[in-house]
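Numbering (our numbering), first residue to last: 1 to 187.
If you are wondering where the hints come from, they were derived from the structure by calculation, not from laboratory data. Don't be surprised by glycine CBs; every beta carbon is placed ideally from N, CA and C. Be aware that a few hints might be false.
To be verified - Ranges between beta-carbon positions, derived for each pair:
#1 Gly21 - Glu152: 31 to 41 Å
#2 Thr55 - His113: 19 to 29 Å
#3 Asp130 - Leu150: 18 to 28 Å
#4 Ala57 - Glu148: 14 to 24 Å
#5 Asp140 - Val84: 18 to 28 Å
#6 Gly49 - Glu152: 20 to 30 Å
#7 Ala147 - Glu47: 14 to 24 Å
#8 Arg59 - Thr156: 14 to 24 Å
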Amino acid sequence: MTPGTLESGLAKAVQARKLAGVWANATLPLFPDRYAERAEWLRAFREYGYTVNDTPAGRPAPASCLLFRGSPEDTRDGLSWTPVPAAAAVSAFAPWHVSIRRRAGRLWVARVHSDAILAVITHTAPVIGDWIEAVVDTADLAIEPVAEDLDETCRTFVRDYLRGPVRASAARAFGLEPGGSFALTER
C-alpha cells in the first residue's frame, strides 16, 4: 500500500469513531507511514479529538509527562510513545522489531505537554500483554536518548524477558521457527 491511500479511510474512521482501531492495525508492522502520510495521521487525530481507547475524553490533568519511545535514531520522532520504559524497550530491542527495521533501536525520552498527546490507546499484545500507547505530535518536542544505564537495563530486561516460556510464546506469535535464531540483536 502506498502512503496517502488511506486518507479517505482515515476520514471514514474519524466519522465512525474508530480511529484508534485503524491506528492499531496500521502500526502492527511498526510503520504507520506505510499506510498514510504522517500529516494525514496528525490531521485525522486532530479532527477526531482527544480520546482514550476511542472514547472522547477531557485532557489529562498533568500539564506534561515523561514518555518513552523505542526506535532507531532516524525514527525517534515517530508518533507512538508510552509512559512505560519497558514497553518502549520491547520496540527498541525485541528481535521481531529489529528484524523488520533491520537494526536495533534505543530508548528515547521526551517531556510531553498534554496538548501534544492526541490519543491514548490500551493494547493487548502477544508476549508483552497490556501496554499503553500515547499518540503524540512530536513537532515541538525535545527528544533525548535516555541515560546509557537505563538503555542497558531495558536491553537486559528484554533479553531476560524473552527466555524460557516467553521465548516459545513469542516464536508462536510471530511465526518464528522453533530453535531458530531468536537472539537479541546488538546495536
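| What are the numbers of the hints that this structure violates, sorted from low to high? | 4, 6, 7, 8
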